[in-house]
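Residues per chain are reported as follows:
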Amino acid sequence: MRALAALLLLIGLAVPAGAQVLEDKPVNFPEKLEIGISTDEIAISSDFRGADLTIFGAIEGYDPALLAQSKYDIVVALEGPKDNNTVRVKERIFGIWVNRRSMTFELVPESYSLSSTRDLETIAPTAMLNGVGVGIHHIRLSPIGYVGDGSNITEFRDAFRRLKESGGFYQRDPGGVQFISASLFKATVKLPASVPNGTHVVRAHLFRDGVFIAEKALPLRVMKTGIEQMISNAAYNNSLAYGAFSVTLALLTGWLASVVFRKD
Amino acid sequence: MNIFIILGMGAAVGFLSGMFGVGGGFLITPLLIFYNIPPVVAVATGANQVVASSVSGSLSHFRRGTLDVKLGTVLLVGGLAGATVGIWIFALLRSVGQLDLVISLLYVALLGTVGTLMLLESIRALRRSAKNQPVSLRRPGQHSWVHRLPLKMRFKKSKIYLSVIPVVGLGFCIGILTSVMGVGGGFIMVPAMIYLLRIPTNVVVGTSLFQIIFVTAYTTIVQATANHAVDIVLAFILMVAGVIGAQYGVRVGQKLRGEQLRALLALLVLAVGARLAVDLVHTPADIYSVVSEGVYR
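Those sequence lines, one after another, are chains B and X. Numbering follows the numbering used here, in which position 237 of the first sequence is assigned residue number 237; successive positions increment by one, without gaps. Numbering follows the numbering used here, in which position 187 of the second sequence is assigned residue number 451; successive positions increment by one, without gaps.
Okay, chain B solo, but in the shape it has when bound (with noise of 0.2 Å):
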């Protein structure tokens, strides 16, 4: 069994874009991964200004060895509900700036938080981590449409990504994650001030000496709370009777208004 896993190890080694590979199923790793967090749901009030998520966690069937000589990496991801993301780029026409030429990502997450034993970079080649897609640098960000020869891909993904770190919705923490004791470790993530309404995904992967062998994921719904939200739920929910009401409002405002202020 082991002999197997070491083949497998190899093999994974040795195919260079071995992502591929590995991003379908990790096979036969004796190693699993086990995550818990206290609960599935967070309630958040509009007076929010960011907090840290715990998530706690063992590796089962490791190898002493191994442990022994800090080989087990984890990384643990906070990823937050998916859209397409359009980057648009301005471009100077007669003197004013216009957006030009655009990128549509398909399916990205909003929000994104890792956490991880050490720098991620150093944790696994960049081909692995490209293919588990794991990392600000790394998640998947696949054009949707015409993207012309793709040279200018890099371009926009750069900006994504820069744009998405300025805000404060991908962030990371390397060093977040802790080991407790020889297995059990406690990971840390930040959820942001803006963090979005919606079933987030905290996504735990293992590394054993620079290979993913493990992952285990559980959703966790964030729900916004407080008149704010109802607001903007009824806008995007009940959008006529919304609208309706809004007009409404604005009747009997102004109807009000001339008659307090009526002058005969």
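Since the hints were made in silico from the structure, they are not lab data. Every value quoted in this text rests on a predicted model; they were computed, and no experiment measured them. It is possible that part of the hints are untrue.
As the list claims (entries may be wrong) - Label pairs and their in silico Cβ distance ranges:
1) ARG100/B with THR465/X: 45 to 51 Å
2) VAL333/X with ASP47/B: 45 to 51 Å
3) TRP255/B with PRO302/X: 25 to 31 Å
4) THR465/X with ALA244/B: 31 to 37 Å
5) GLN511/X with SER194/B: 38 to 44 Å
6) LEU531/X with GLU121/B: 54 to 60 Å
7) PHE268/X with LEU251/B: 21 to 27 Å
8) THR377/X with LEU251/B: 29 to 35 Å
9) ALA217/B with SER359/X: 30 to 36 Å
10) VAL360/X with ALA127/B: 42 to 48 Å
11) ILE269/X with SER232/B: 37 to 43 Å
12) SER194/B with PHE268/X: 20 to 26 Å
13) GLU557/X with ALA193/B: 18 to 24 Å
14) ILE180/B with ASN266/X: 43 to 49 Å
Unchecked claim - Which bits of chain B does chain X cover? Going by a derived footprint, with three or more residues having C-beta under 8 Å, they are:
15) 62 to 69
16) 76 to 85
17) 136 to 144
The beta carbon of each residue, even a glycine, is placed where N, CA and C say it ideally should be.
Keeping the supplied structure of chain B fixed, place chain X upon it in accordance with the hints.
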């Protein structure tokens, strides 16, 4: 978002609209954009605010009998059609990422033109009054090509016999502006009705306010359903502050001379337009921008 800034904005625009007898939508929307409210929301919320400000105005015209319901209804037919086309244009521009630009460009063009015309007109009036000549608006008198069009209809209240084609056409154009720019359009409609259609001045303001209520109400509902762009809290703060500010504006306006007032408003309109124009040519902090489509919301 600071509630007091929004309140102040609404009160200031309300004051000006009371003082000058304008709806104020053409000032509210650019001000909201200056305050970093997304133009999509600024336009839709502006239209909602105009509903409130035109209701109180048209009610008082209705009481005084200076409102031609029949003429207003014909204008409204064009207005609703125009607003529908406008919403379609709005959604199209938004999907290709050019909405913010087009809104700014339209405002620069509109505020620049209206401001310049008003300034020139008020300077002429000021010169005339300095020479002690009587200040009078041009009387609608002779007929033009507009009055030779077919499909004529009699509007008893306005005491005119006029083709419905230019009336519906005017309503249509203003309707487009309402949904794309979030304005009532009174500041274009009133001069067009007086000078182009030769409608008697006394019914013009009330009638245009009357149809603005319905076009802006319709636009608000469609914007809410199609673009989810109406911010009811923002609109409510603006309209409450606006109607109160307008009352004080009216009082101050009655004490000041008309030509000076119009010159002041013209300068203000030009200043807002200039600020928008500067933003268009000023190099943005980041030339890249990202939007989520909201399809999977």
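Do the hints match the structure? See the list:
1. For ARG100/B paired with THR465/X, a C-beta distance near 47 Å keeps the hint of 45 to 51 Å intact.
2. A beta carbon spacing of about 49 Å between VAL333/X and ASP47/B agrees with the range 45 to 51 Å that was offered as a hint.
3. Distance hint check: the CB atoms of TRP255/B and PRO302/X are about 30 Å apart, consistent with the given range 25 to 31 Å.
4. Between THR465/X and ALA244/B the beta carbons are some 35 Å apart, a value that agrees with the proposed interval 31 to 37 Å.
5. The hinted window of 38 to 44 Å between GLN511/X and SER194/B holds, with their beta carbons roughly 39 Å apart.
6. Taken as a hint, the range 54 to 60 Å holds for the pair LEU531/X and GLU121/B, whose Cβ atoms sit roughly 58 Å apart.
7. Taken as a hint, the range 21 to 27 Å holds for the pair PHE268/X and LEU251/B, whose Cβ atoms sit roughly 26 Å apart.
8. Against the hinted window of 29 to 35 Å, the Cβ-Cβ separation of THR377/X and LEU251/B comes to about 31 Å, which satisfies the hint.
9. Judged by the Cβ atoms, the range 30 to 36 Å given for ALA217/B and SER359/X holds: they are separated by roughly 33 Å.
10. Roughly 36 Å separates the CB atoms of VAL360/X and ALA127/B, a value that falls outside the hinted 42 to 48 Å.
11. For the pair ILE269/X and SER232/B, the supplied restraint of 37 to 43 Å is violated, since their beta-carbon distance comes to about 21 Å.
12. At about 23 Å, the CB distance of SER194/B to PHE268/X agrees with the hint of 20 to 26 Å.
13. Remark: the range hint 18 to 24 Å for GLU557/X to ALA193/B is upheld by a beta-carbon distance near 23 Å.
14. A hinted range of 43 to 49 Å holds for the C-beta pair ILE180/B and ASN266/X, which are about 44 Å apart.
15. Figure legend: the region 62 to 69 of chain B, annotated as covered by chain X; annotation inconsistent (0 residues with Cβ-Cβ distances under 8 Å, at least 3 required).
16. Under a criterion of three residues with beta carbons nearer than 8 Å to beta carbons of chain X, the stated coverage of the region 76 to 85 of chain B is upheld, 5 such residues being counted.
17. As drawn, the region 136 to 144 of chain B meets chain X at 0 residues by the rule of a beta-carbon pair under 8 Å; below three, the given contact is violated.
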